[in-house]
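Enquirer: Line order of the protein sequences matches chains A and B. 1 is the number of the first residue of the first sequence in my numbering; add one for each residue after it. 219 is the number of the first residue of the second sequence in my numbering; add one for each residue after it.
For the record, the hints were derived by calculation from the structure and aren't laboratory data. Here the structure is a predicted model, which means the values were calculated and not measured. Among the hints, erroneous ones may be present.
As the list claims (entries may be wrong) - Chain A is faced by these chain B residues, among others (derived, beta-carbon under 10 Å):
hint	residue
1	Gly227
2	Phe229
3	Ser231
4	Met235
5	Asp259
6	Gly362
7	Arg426
8	Leu445
9	Pro446
To be verified - Computed list of chain B residues with no C-beta within reach of chain A, every gap over 12 Å:
hint	residue
10	Ala252
11	Glu316
12	Arg359
13	Arg422
Claimed, not checked - Anything over 10 Å on all C-beta distances counts as not near chain A; from chain B, calculated:
hint	residue
14	Asp257
15	Gly334
16	Val379
17	Gly382
18	Asn387
19	Ser431
20	Arg448
Cβ atoms here follow ideal geometry from the backbone N, Cα and C, with glycine treated the same way.
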Amino acid sequence: MRFEIQGNPDYGEVVVELGPNEELLAESGAMSRMSSHMEAKSKRLGSFFGAIIRKMFGGESFFVGRFTHPDGGTVAVAPQLPGTVTHRQMNGDHVFLTAGAFLACTPGVNIKAVFGGWRAFFSGEGAFLIEVSGTGDLFYNAYGGVVEKDVDGSFTVDTGHLVAFEPSLQYSIGGMGNWKSTFLSGEGLVMKFQGNGKIWVQTRTLSGLAGWLTPRLL
Amino acid sequence: MSVEVTNRGAFGSALVMLQPGEEFVSEAGAMYRASGNMDIDVKTRKREGGGLWGALKEGAKAMFAGESFFLSTYRVKDNSPGEVGLAPILQGEVSSLEVGSETWICAGGSFMGASGGVKLDTQYQGLKKGMFSGEGLVYVRASGQGELLVSAYGRISEVEVRGGITIDNGHIVAFTEGLEYDIGKAGGWIASALSGEGLVMKFRGNGRILVQSHDRDRLGGALGPLLPPREG
Numbered sequence: 001m002r003f004e005i006q007g008n009p010d011y012g013e014v015v016v017e018l019g020p021n022e023e024l025l026a027e028s029g030a031m032s033r034m035s036s037h038m039e040a041k042s043k044r045l046g047s048f049f050g051a052i053i054r055k056m057f058g059g060e061s062f063f064v065g066r067f068t069h070p071d072g073g074t075v076a077v078a079p080q081l082p083g084t085v086t087h088r089q090m091n092g093d094h095v096f097l098t099a100g101a102f103l104a105c106t107p108g109v110n111i112k113a114v115f116g117g118w119r120a121f122f123s124g125e126g127a128f129l130i131e132v133s134g135t136g137d138l139f140y141n142a143y144g145g146v147v148e149k150d151v152d153g154s155f156t157v158d159t160g161h162l163v164a165f166e167p168s169l170q171y172s173i174g175g176m177g178n179w180k181s182t183f184l185s186g187e188g189l190v191m192k193f194q195g196n197g198k199i200w201v202q203t204r205t206l207s208g209l210a211g212w213l214t215p216r217l218l
Numbered sequence: 219m220s221v222e223v224t225n226r227g228a229f230g231s232a233l234v235m236l237q238p239g240e241e242f243v244s245e246a247g248a249m250y251r252a253s254g255n256m257d258i259d260v261k262t263r264k265r266e267g268g269g270l271w272g273a274l275k276e277g278a279k280a281m282f283a284g285e286s287f288f289l290s291t292y293r294v295k296d297n298s299p300g301e302v303g304l305a306p307i308l309q310g311e312v313s314s315l316e317v318g319s320e321t322w323i324c325a326g327g328s329f330m331g332a333s334g335g336v337k338l339d340t341q342y343q344g345l346k347k348g349m350f351s352g353e354g355l356v357y358v359r360a361s362g363q364g365e366l367l368v369s370a371y372g373r374i375s376e377v378e379v380r381g382g383i384t385i386d387n388g389h390i391v392a393f394t395e396g397l398e399y400d401i402g403k404a405g406g407w408i409a410s411a412l413s414g415e416g417l418v419m420k421f422r423g424n425g426r427i428l429v430q431s432h433d434r435d436r437l438g439g440a441l442g443p444l445l446p447p448r449e450g
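Chain A with its partners taken away, still in its complex shape (with noise of 0.2 Å):
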């Protein structure tokens, strides 16, 4: 399998050759262009009742789109908003994403959804968080561009902000500053990072975007 990823980073998007008989697994509705002899199968993700729990509640697809052919051939895959796609090369490590980040994944990685509990549903994100493990490429997206921060301390994310995170970091849900900047300041709560490892964070949201466009309603 070779990939490519094309117009980062503001309209990023994936490009990918498969061999024979090599299979992507891609966030439903992602594919955009295919060899016309390319199989498109669905498969679902985890158990029954734990891919209608995630529908509910994380707002991520029941089922992903699965691409594979005896002759191998091209698949490209993009992400729902423009924004910045990365690639990370999973080795039997972990990361977390938010519900909306995966974008495409190779069939060595696995990909489960974990409640996230109370916290999570605070995060701006839904109440669940994707873990990512296994071997192989993982492709997640933002909507905007994405900064990577070495975490060795603390360091504050602001609600739906946060796209992926290492496990050895752990958060908690909190206001900044007082009680009045907290109500006054449009920050609202934020996420409180604690511990030694990677994150990324996206420059935009697609709340602050709907929240924008609200008073234009008709």
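Could you slot chain B onto chain A? The hints should help.
Expert: Structure of chain B alone, referenced to chain A:
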């Protein structure tokens, strides 16, 4: 203090590094990430010595300009340096301007932040000028010494003005004080209405103007009718 514009292109943002004792002010809600030692304090916009009435007046003006009533001030709470990342809501570039030898006038919707040494005054354009300006009634005057951060919807081009230039209202990001301007129509009333070129700012003199490639209000105008009507 250092102010760095990051993620150039469609999704600009800025990273501000603060030393102990320094402060930076932004539009409320612009912060998207911060180091753990960063503290935030929120204030209403206020003219110096204006009291409560002044604060309310400034707040009302800010709201007319499509801006937040509140400004966030960032400071580190310990004795180590800290950082805060700022980003606008819409797609577009971010630019950092030096305030000092130049005083900048920034369109209300384009103001993103400024360092502590920059004095910010919301300026009412006056009824005749402001009523017709696509960018709202309010401009932010940034004087003093330091850095000013502006955001645009789309790309930013800088125009050196020598003599005069005409720019559509909705495309102004910021301009240097000293330029004189009138708000008027691009042609006659009928020509203006037909060409879709509504009101323009006619600048005279020498200075610099930052122009944005797209107009937020036109995005709002295009999207508004496509969205479902409000319920209730």
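Enquirer: Is the hint on Arg426 of chain B kept, meaning its closest Cβ partner in chain A is under 10 Å away?
Expert: Not OK, violated: Arg426 of chain B not within 10 Å of chain A, min 26 Å.
Enquirer: Does the nearest C-beta of chain A fall within a distance shorter than 10 Å of the C-beta of Phe229 of chain B?
Expert: With a closest approach of 4 Å, the Phe229 of chain B hint holds.
Enquirer: Just want to verify: Asn387 of chain B was marked as not at the interface with chain A; is every Cβ pair farther apart than 10 Å?
Expert: At roughly 18 Å from the nearest Cβ of chain A, Asn387 of chain B sits farther out than 10 Å, so the non-interface label holds.
Enquirer: Under the criterion of a CB-CB separation shorter than 10 Å, is Met235 of chain B in contact with chain A as hinted?
Expert: violated, 14 Å
Enquirer: Report holds or violated for the interface hint on Gly362 of chain B, using the least CB-CB distance to chain A and a cut-off of 10 Å.
Expert: violated, 23 Å
Enquirer: Taking the minimum C-beta separation from Ser431 of chain B to chain A, is that value above 10 Å?
Expert: Nearest chain A Cβ is 14 Å from Ser431 of chain B, so the label holds.
Enquirer: Identify whether the interface hint at Leu445 of chain B stands, where standing means a beta carbon of chain A within less than 10 Å of its own.
Expert: holds, 5 Å
Enquirer: Would you assess whether Glu316 of chain B, listed as outside the interface, keeps its beta-carbon beyond 12 Å of every beta-carbon in chain A?
Expert: The claim holds: Glu316 of chain B sits with its nearest Cβ about 23 Å from chain A, beyond 12 Å.
Enquirer: If we take the beta carbon of Gly382 of chain B, is the closest beta carbon in chain A still more than 10 Å away?
Expert: The claim stands: Gly382 of chain B keeps its Cβ more than 10 Å from every Cβ of chain A (closest is about 33 Å).
Enquirer: Is the Cβ of Arg359 of chain B farther than 12 Å from every Cβ of chain A?
Expert: Label holds. Min Cβ-Cβ 23 Å, cutoff 12 Å.
Enquirer: Measuring from the C-beta of Gly227 of chain B to each C-beta in chain A, is the shortest one below 10 Å?
Expert: holds, 5 Å
Enquirer: Take the shortest C-beta to C-beta distance between Pro446 of chain B and chain A; is it under 10 Å?
Expert: With Cβ-Cβ at 8 Å, under 10 Å, it holds.
Checked against the numbered hints above, the structure violates hints 4, 6, 7, 10, 14, 20; every other hint is satisfied.
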